[in-house]
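> Work out the full structure, taking the sequences as your base and the hints as a guide.
Sequential numbering from 12 applies to the sequence shown in the numbering used here.
Worth flagging that the hints you see were computed from the coordinates, not collected in a lab.
Incorrect hints may appear among the rest.
Mimicking DSSO-like on lysine-lysine, the simulated pairs with C-alpha atoms at most 27 Å apart in a straight line are [unchecked claim]:
#, residue 1, residue 2
1, Lys275, Lys133
2, Lys182, Lys217
3, Lys184, Lys132
4, Lys46, Lys132
Computed Cβ-Cβ distance ranges for the label pairs, DEER-style [to be verified]:
#, residue 1, residue 2, range
5, Gln28, Asn56, 40 to 48 Å
6, His156, Lys21, 35 to 43 Å
7, Asn27, Pro122, 17 to 25 Å
8, Lys241, Ile30, 37 to 45 Å
9, Lys210, Leu33, 29 to 37 Å
10, His156, Thr271, 14 to 22 Å
Every residue, glycine too, gets a C-beta built ideally from N, C-alpha and C.
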Amino acid sequence: MEKQTNNLGKIINTLNQKIEDLSYLIQIQNIEFTKELRKRDEKINSLEKEIQYIKQLKCIEEGIKEDNDYAPIIANKLHINKMIVKEKETKWKEIFEEFVLKEYVSTVLIPNKNGVLISSKKWNKEKKPIMINNLSHVLLIVTNHQYFEISIQSAPPKLISFGVVSSLTYKEKVPIGQEKESIGFDSNGTLLLANGLKKKIARAWKSNDVVGCGYDAQESNVYFTLNGKKIIQVSTVFSDWYPAIQPSGFTQFTTNFGETPFVKSF
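Printed below as a string of structure tokens:
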């Protein structure tokens, strides 16, 4: 009887955990949905302005027929303008179609109740649209390879760790990688795994360092980078990850999920 009671207690605790995770996901989705609606409104307003501009050029074109003296000059200018407008119109159309069809959603980090910053997006083997800014162009591609970077703006006086976790309710004061189903890299340059393994893989982080974490679903591994160079990769059978950071209040840093060019080359 006591054993059944204990089992029932474990089941209830698991269900409560699932409910808490679900509530957190709903909160994140509401935030993302509001942001996407605002972005779509901005895109639509921009397109409406460009349509109005094209209509004005059309009116000018019609007006050429009424002015034979200046027709050659106006026609020449209009021809050039129409070429520019046509090129821009094509690009706008492509951008709008990509935005509507693929629905790229930017990633945000939201603190959970324990103060750990956890991604609004889950990394798994499902292919999703992601945006990667290179120095010369923007790539909007569908892939199951995920990656992000952290730029360290001040040398960490206290331990900071980041990596991937499986739970939205990761514990406070436990470095990423020390709780079950998590893999972490801390500011001392140490790889942390949930089985208790700690391995020095790099020097301690310094100001202006850029550290990165990626998940290659095809190869089933999680890897870390330092200033654009891969320093280690870890094979994993687990396939559902949330990027996460356990911050230190004394360390300033910025995150990049592809909104600006990565230090690492792709």
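> So, for every hint listed, does it hold in this structure?
Hints and how they fare:
no., hint, verdict
1, Lys275 - Lys133, "21 Å, holds"
2, Lys182 - Lys217, "26 Å, holds"
3, Lys184 - Lys132, "23 Å, holds"
4, Lys46 - Lys132, "14 Å, holds"
5, Gln28 - Asn56: 40 to 48 Å, "43 Å, holds"
6, His156 - Lys21: 35 to 43 Å, "36 Å, holds"
7, Asn27 - Pro122: 17 to 25 Å, "20 Å, holds"
8, Lys241 - Ile30: 37 to 45 Å, "38 Å, holds"
9, Lys210 - Leu33: 29 to 37 Å, "35 Å, holds"
10, His156 - Thr271: 14 to 22 Å, "18 Å, holds"
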